[in-house]
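Residue numbers (the working numbering), protein chains in the order written: chain A, 421 to 657; chain B, 64 to 401; chain C, 3 to 333.
Worth double-checking, as some hints may not be accurate.
[As the list claims (entries may be wrong)] With a cut-off of at most 20 Å between alpha-carbon atoms, the simulated DMTMM-like pairs for lysine to aspartate or glutamate come out as follows:
| # | chain 1 | residue 1 | chain 2 | residue 2 |
| --- | --- | --- | --- | --- |
| 1 | A | LYS434 | A | GLU511 |
| 2 | A | LYS497 | C | GLU93 |
| 3 | C | LYS133 | A | ASP490 |
| 4 | C | LYS165 | C | GLU265 |
| 5 | A | LYS493 | C | GLU265 |
| 6 | C | LYS205 | A | GLU447 |
| 7 | C | LYS208 | A | GLU593 |
| 8 | A | LYS434 | B | ASP258 |
| 9 | C | LYS133 | C | GLU265 |
| 10 | C | LYS205 | A | GLU449 |
| 11 | C | LYS133 | B | GLU221 |
| 12 | A | LYS434 | B | GLU223 |
| 13 | C | LYS65 | C | ASP80 |
| 14 | C | LYS128 | A | GLU593 |
| 15 | A | LYS546 | C | ASP221 |
| 16 | C | LYS65 | C | GLU79 |
| 17 | A | LYS434 | B | ASP397 |
| 18 | A | LYS497 | C | GLU265 |
| 19 | C | LYS133 | B | ASP397 |
| 20 | A | LYS497 | A | GLU447 |
| 21 | A | LYS496 | C | GLU265 |
| 22 | C | LYS208 | A | GLU511 |
| 23 | A | LYS546 | A | ASP490 |
| 24 | C | LYS208 | A | GLU516 |
The hints are simulated quantities; they were obtained by calculation from the structure and are not laboratory data.
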Amino acid sequence: MLFQVENLTSGYGKIDVVRSLSLHVDEGERVGLFGPNGHGKTTLLRTVSGLIPAKSGLVVFRGEDITGADPHKIVKKGLIHVPQGNQLFPEMTVQENLTLGTFAARTDKGKASNFEKVFALFPRLKERLSQRAQTLSGGERQMLAIGVGLMGMPELLILDEPSVGLAPIIKEELARAIGEIADSGVTMIVVDQDVELLLGICERLYLIEKGSVSLETTDVSQVNQAEILEMYFGKVT
Amino acid sequence: MIRFFDANKKLLAAAGIVIFLAIPLVVDNKLLIHLAILGMLYAIVASNWDLTLGYAGVFNFAHLAFFGIGAYTSGIITVKLGISPWLGIPCGAAAAALASIIVSIPAIRLRGIYVALLTFACSQLVLLLLLSQPLITGGQQGLTGVPQLQIGDYLFRESEFAHFYLVGALLLCSTIFLRRLVTSDFGLSLIALRDFEEYAVARGIPLARQRLLAFLYSSIFPGLAGGVYAHFLIVASPDIFGFSLVTLLLSMVLVGGVATIYGPVVIGVVMIFVSELMASSETMSELFGISSGPVRFMFVAVLIVLTMRFFPQGVWGLIKEYAARSRASNQAGDDTRT
Amino acid sequence: MTLEAIAAIIASGLVSGSLYALMASGLSLVWGTLRMFNFAHGVLVMIGAYSGWYISDRGGLAKVLQPLGKKITKNSEDWGLMGDILYPLGEWILSIKSGFGLGIGVPLAIVFCGIAGYVIYVLLVKPFVGKPNADLIVIITTIAGASFIQNGVQVIFGPRYKKLDRILEGRPLEVLDTAIGLQEVLIIVLTPVTLLLLHFFLKLSKLGLAIRAVAQNDDFARLVGINVNQIYPQTFVVSSMLAGLAGLMLGGLFFILPTMGSEPLLRAFVVVVFGGLGSLPGTIVGSYVIGLIEQSSAYVFSLYWAPVVLFATLILVLIFRPRGLMGGKES
């Protein structure tokens, strides 16, 4: 097991958002997390990456307890979280953003070739190298965000809502890129609302409701899509 | 102990008043009385600052300017226009109130740091305006020749009684006024705005109006106190706007306890004595060799930082906590016994 | 207005603007990363001037060390081998009777300011980072810190003023009918150079990049591997060194007093807000604009009214455009 969360509870102030949540990811796996908004997916990721403290429970990476560790240390161990909302450094260029991604790298070896790898995945970024991040389109920003994450040479890459607000064509492009990243040996956790997207990329899915796992399945055909749509949108009559 | 206090509140209050009235009769030392008067004046300013700083949660850096405006207004119109100080002082308060409204209008729209900066700039502006008109205000030297208070032939400065009782009464009125205010619906609305702004506004509490009122109410007694201050010392000096006094008064509010009113009152008076003690004591001169004037400001500064670090609720806040715990354990004790 | 007057205003405006730019850029850096105002920034300017004086002037450190030097040279014979080693040291101390000079004084002063800034951060800012209303608490603690340091300096050095040697002496330069002192010329030239260096530092160095990153998105900075809690003190140190440099320049032009930092601090606040909180270019442009406004007001109205105009400007900006000239990010 590469990564494990055991009975994790966390939240903001007195409010618990993640409640006794447990899940695990094996090396090389692609795991998807989905579920209604506000039920703890992002809070879970922020707790895992160290941005918010855990109230109880464990986060274990490579056998090491990283619960509550400093975010920059976690990142250097190879666990990289690409947050939702196209978070970037808005006034910096594409090049500068990517350079900043290398701060996370565990070793200096191969740093130079990382740029090439990212450009191979997302050629558009190479074209826009000296443009400021805030001038990029939504899709390009998402690509850049993932690119920045990759520059850190992650063993486990966690993507939070990569497809949100993107046109279907871009989503496809993104999905392909994510697939390629996974193929190159990076273990992945992808959180997204688009269950179909997840089904296309991931082998195993967790449904997160009310702060904990309510369904875990590897048989993607088992996931009854109508049921899920109902869960999100209510009964369709 | 808290039980005794709770049970005999009225008696203790009466005793307090009697003791207060007796002080100038019993204490012979003019300096001590003088300091007490100063301390009470500053206590008025500090406790009113608690209204905007503690209850409204707005960092009004111009608060001391209300005091200064009260002093200078009363000083100027009594000196230049020959008006009686008894009229001058309320005019000072009116000027302070007007200033508070002027300052608050832009301030209510701003948050946190911006309010602090804006009010800071306003108070500096007032100081600069005063300094720029030396013919009226006496410039750097200050306004001298301010007439003292008198009733008929009785000059207030002849004995220490008059000022002591006057300022004491003013402090009492100010404190009652403030306490009434903060326990009223108005006070509660301020606290609601401070702690849960969005919710309070959504519930219909008018943010702008309440804050403006907070500024206004917090300026009245400092304005009066300023006027009395000018006639007590028969001078109005620009030092009132100085860095050192601001720091001193801020420490009174913080160490006394934000959002308590009583805290700044008590600590205000105490602080003056402590600060004077530091300035004049023999040991201080021995320890530091040179003039120990600046040392008291260093002491005040350290006190502020320690307070913010280790007991941000202030002395009075600590007392309140202790009292609450005592009451709770007494209650528990009573319950188990019956 | 005569050409002479205009030239004089521009010259003094450039000098003021340069000094404000040095001070305000430090404040702007701290605001950008920490979203806090360091009210102790003014005393850091003062510390720069005082430490520069102390090291370079004969009345400072050199004077204090004289008794030590005498003691060493007199008694070193009795100390055997140690005495032989120490004797040259003692001689050297005695020889620097007139001070260590500006060559050593200036860089050491700047370093010392960096250290002072670090201490201020650890004692007055760090304990409150991340707490609610931290920015307001820090205003209070840094005011207290400034009061402490200012009064402390007065206790140590006495309230009478000191004077720092000018770095450049000589006949004033004549430009367009107006005379500009050489020190002023130095300031006008050195400041843009320093700011340019600062710019390259922020753009190209690893630390500079990290500082900008934290200023633009501190959460993402953490996720990218930046130790944000270390960036804060480092920013403070850079900011303090800039303040120290400003103090050294100021000290060469004006009197060195414990209170010398307060007026410049107020100006720097006006500048930082005017130029746009969080925008370093805006702050720098704003500095020169404010410098020119101040000097023209002093000429047109009078010395008393110049600060009034300045503060009125600040108030107007806060009311109508709190984001300032170039607009920055608010907290």
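We went through each hint and held it up to the structure:
1. LYS434/A - GLU511/A: Roughly 35 Å separates the two Cα atoms, so the pair is violated.
2. LYS497/A - GLU93/C: Given pair LYS497/A, GLU93/C is violated - Cα atoms ~56 Å apart, limit 20 Å.
3. LYS133/C - ASP490/A: Holds, at about 17 Å.
4. LYS165/C - GLU265/C: Judged against 20 Å, a Cα distance of about 18 Å means the pair holds.
5. LYS493/A - GLU265/C: violated (43 Å)
6. LYS205/C - GLU447/A: Outside the cut-off at roughly 38 Å; violated.
7. LYS208/C - GLU593/A: Not satisfied, since the Cα-Cα distance of roughly 33 Å exceeds 20 Å.
8. LYS434/A - ASP258/B: Holds. LYS434/A to ASP258/B sits at ~16 Å (cutoff 20 Å).
9. LYS133/C - GLU265/C: It is violated: about 30 Å lies between the C-alpha atoms, which goes past 20 Å.
10. LYS205/C - GLU449/A: Violated. LYS205/C to GLU449/A sits at ~39 Å, over the 20 Å cutoff.
11. LYS133/C - GLU221/B: Given pair LYS133/C, GLU221/B is violated - Cα atoms ~52 Å apart, limit 20 Å.
12. LYS434/A - GLU223/B: The hint is violated at about 56 Å.
13. LYS65/C - ASP80/C: violated (25 Å)
14. LYS128/C - GLU593/A: With Cα atoms ~45 Å apart, LYS128/C and GLU593/A exceed 20 Å; violated.
15. LYS546/A - ASP221/C: violated (25 Å)
16. LYS65/C - GLU79/C: Violated, at about 24 Å.
17. LYS434/A - ASP397/B: violated (32 Å)
18. LYS497/A - GLU265/C: With Cα atoms ~49 Å apart, LYS497/A and GLU265/C exceed 20 Å; violated.
19. LYS133/C - ASP397/B: violated (39 Å)
20. LYS497/A - GLU447/A: Answer holds: LYS497/A to GLU447/A is near 15 Å, not above 20 Å.
21. LYS496/A - GLU265/C: This hinted pair is violated, its Cα atoms lying about 46 Å apart.
22. LYS208/C - GLU511/A: Distance of about 17 Å is within 20 Å: holds.
23. LYS546/A - ASP490/A: Measuring from Cα to Cα gives roughly 32 Å; hence the hint is violated.
24. LYS208/C - GLU516/A: Holds, at roughly 11 Å.
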